[in-house]
Amino acid sequence: MNADLLGAGATFPDPLYQEWIGAFVGDNPGVTITYEPIGSGGGVEQFTAKSTDFGGSDAFMTDDELAAAQDAWGCDVVHIPTVFGAVAVAYNLSGVESLTLDSETLAAIFLGEVTQWNDPAIADLNEGVSLPDEPVIVAHRSDGSGTTSIFTTYLDDESADWHDQVGKGKEVGWPVGVGGQGNDGVAAAIAQNDGGIGYVELSYAIQNDLSVASMVNADGKAIEPSLESTAAAADGIEIPDDLRFSILDVGGDGYPIAGATWILAPTCGMDATKADALKAFLTWALQGGDGTAEELLYAPIGEALQDKALANVERINEGGQ
Amino acid sequence: MTAAPASVGPLAAIRRRRVADPAFRWVLLGASLLVLVVLALMIGSTTLDAIPVFVSQGIWSFLTGTTWDPGFSRTEITGTYQAGVFIYGTLVTSLIAIVVALPVAIGIGLFLTNVAPRRLARPLVYLVELLAAVPSVVYGLWGLHFFAPVVLKPAAQAISGELGWLPIFAGPVIAFNFFFAGIVLAIMIVPIISAIVREVFAAVPEAERQAAYAMGATRWEVMRSVVLPRSRPGIIGATMLGLGRALGETIAVALLIGGGTAINASIFQQGESIAAKIVNTFQESSPEGIDALIALGVTLFALTIVINLAARLIVRRMGDVSGEAVA
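Quick note, the sequences are listed as chains A and B, same order. -3 is the number of the first residue of the first sequence in my numbering; add one for each residue after it. 740 is the number of the first residue of the second sequence in my numbering; add one for each residue after it.
Warning: the hint list may mix true and false statements.
Stated by the list, open to error - Simulated restraints on C-beta separations:
| id | chain 1 | residue 1 | chain 2 | residue 2 | range |
| --- | --- | --- | --- | --- | --- |
| 1 | A | Q161 | B | I1044 | 31 to 39 Å |
| 2 | B | T785 | A | G316 | 37 to 45 Å |
| 3 | A | G91 | B | P874 | 34 to 42 Å |
| 4 | B | V889 | A | G91 | 19 to 27 Å |
| 5 | B | T805 | A | N114 | 29 to 37 Å |
| 6 | A | P116 | B | V889 | 33 to 41 Å |
Since the hints were derived computationally from the structure, they do not count as laboratory data. Each residue gets a CB set at the ideal place from its N, CA and C atoms; glycine is no exception.
With the rest of the complex left out, here is chain B:
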């Protein structure tokens, strides 16, 4: 116990603390519980609306079928609702986004923490973070009217020309496809991933890096054998955060993915994601159609949880293997 200010006696200070401490604790507890309550309400009410859809379609055929043919009833489920096309589109665009964004973000992070001189690093950080502040509809419209036709389409045609014999790169490249949506998503998640990996890289103990340098390691060798292995759990965490953003991104994907109604193997063909399907059709949907879209929302939520759990499992495995403590 420290000495109380002269104007307040020690007893008064203790009495005040007796009120303030528990009150503060309750406020904190309330704030934490609020999140849980909101989450529970959300899961509860959406799942309640979605259950008739899952039941009428059968969960397996809802998840794997490819027909989406809404009905118009107010009281029952009369249409066919199968989410296979949308689940596939969500996974493909997010995968493209991660595959492209992760190396770029790690590159940015390494550059800022290990290579760039301080007076260059500071403005670069600002610029990258500026990318995160751009609204997604702006990314979508910019992609639709400029980036996709002017930059991505020629690039896609070049890739398809060289590697078109692989089914996933088969042409022809028409306006709007998985690739366009995925690349724009990648641009959107680079700032998120790079901001975190930058912090993670910066947290690698200076002593270890200096030790590696002292043993004659080059800058590249230090990054490869000290910084990156040390940062692996952090990198995976950052990837998951970026992936979460990509899975749920709505309007930019809706503008660029091409509203396909079947599962297409090539990334240069059109598809549809869960979030894009919801935003595209909820305005004009019948009551049962709305329930079906809510069922899609629940599916997206479940998908995100499954992927996050899988990632956590991977991180734990890696931690075990390398013998590191993992949060």
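Bound-form chain A, shown alone:
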């Protein structure tokens, strides 16, 4: 097999994709795969301009974007979810070892309505925890980010006030709080302020051993963010046939603030050997890549979704060149 594949897009799964590519290329001489982490927006753009063979995005394409991509390639374009990421709510409160929040309270904090840590809204969820009479200092991302998108999509779905006042997206008009650049900037803002609270990628929170809040899910269970609870998040949710889905209303043992990241690929217009190589790579990654994913702190998508993802992989270039 001789093929050179080029992909570009989301930065969030980049470390994992590089690892997967390295292992796959090692076993398949003749194949080279390049993935450039230029951001989800750029990933969709380059894929639509047909300057890449596949794209990567932390957000599924909007109807508009999908139509444009279909138009460019002249056929359908498939979404292939690869892994889940979760967004952890990190905090800095000296003396407080564990913290539980629900979506309404989290929304109220980020709307600036709950301003003291000993506010009854927080205290009611944390009986037995002595919360200090300190101001809440909110930190958010100042850069456009899939992490912000997952976080605000969750709040937008759960809280009517949030939906009316802020909405969702990769960048939003924050009513309160200080912005940090990247996970690192948000973590610094939290660490440098007693009373700080913000959101970061779960993998970042685990690597840096941040204190994170448990979130009450749709079944009323307080769930700690972890790879297992993230993987469990997608268990009960309904997934449409085109695999464009948000993870909302999570119940069971699932952690409620999570989202998938996707590979975008065309169903026609690819060179046959290229298409075969891409299909072989994605099949291999989805079936055998879970171990690598967990090592790098990404949550695998689980068996049920994996079958659907593989079905979409099979559709790559089905229309031929």
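Fit chain B to the supplied structure of chain A, relying on the hints for placement.
Same frame as chain A, now just chain B:
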């Protein structure tokens, strides 16, 4: 005409010059034109992309409004794009940077040219110039993880504690704000300003200084009444260069300014600058969002031109008043 070397006859020398001189002139002209062409292309293409944004928002509301709510269209402008918050943040951080950096840079320049012994001046010059060679992302990260929390935050809290009744110093001081970004910017532009003012101070004629000394002036009086007035146009030029750097600085500001979404009066609150907004969001922007960011870029360019023209006007006025010839 001078005598030609023995091996080449005078005629050959003239002939060679006939080719070499015009060729050289064309090369120089080409080099100068290249800059103009690049500049024209840049202004042309960015303005072309930005015009739909200016038109859909209305130029006045684009410049003064405070809502930035990007849309996702590929073909038209559907979001709300208003740059007031970012223009304000750019001006405030740059102003803080200049107010802090200028006295320090002038102090360094005076010290190196009029006070310091030669064997101390030389290494000091190297050290200051070393500051200019540090990449801005290093300034940003150093500020983020060390300088801001350890040095600037306590300082800001002290200032806010004493002068907090003034709206521009109102607390509380949280991580990341105009002040942090402005001070780190100041550190970045000190070497630029001080390098130029040092040259300007050194160019003050020795005779004038000696004359002042001869009339019994102290060292301070010489600097105040001979060196500084003589150097005023140069100081303003150096300030403009530093200001240009501060206005356009991207990553260090993005790391420290705090990504605010509203206009805050206090320098201890968060904001956003034009350059920081662009670098923060271009990667994840939709096609129309990219156009809006390019419109921000055009705005920054225009802002820089306006400020430079204003400075030039000031220099000319001053020149007229003091009766000095000004370049």
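Verification of the supplied hints:
{"no.": "1", "hint": "Q161(A) - I1044(B): 31 to 39 Å", "in the structure": "38 Å, holds"}
{"no.": "2", "hint": "T785(B) - G316(A): 37 to 45 Å", "in the structure": "41 Å, holds"}
{"no.": "3", "hint": "G91(A) - P874(B): 34 to 42 Å", "in the structure": "40 Å, holds"}
{"no.": "4", "hint": "V889(B) - G91(A): 19 to 27 Å", "in the structure": "23 Å, holds"}
{"no.": "5", "hint": "T805(B) - N114(A): 29 to 37 Å", "in the structure": "33 Å, holds"}
{"no.": "6", "hint": "P116(A) - V889(B): 33 to 41 Å", "in the structure": "36 Å, holds"}
In this structure, none of the earlier numbered hints is contradicted; all agree with it.
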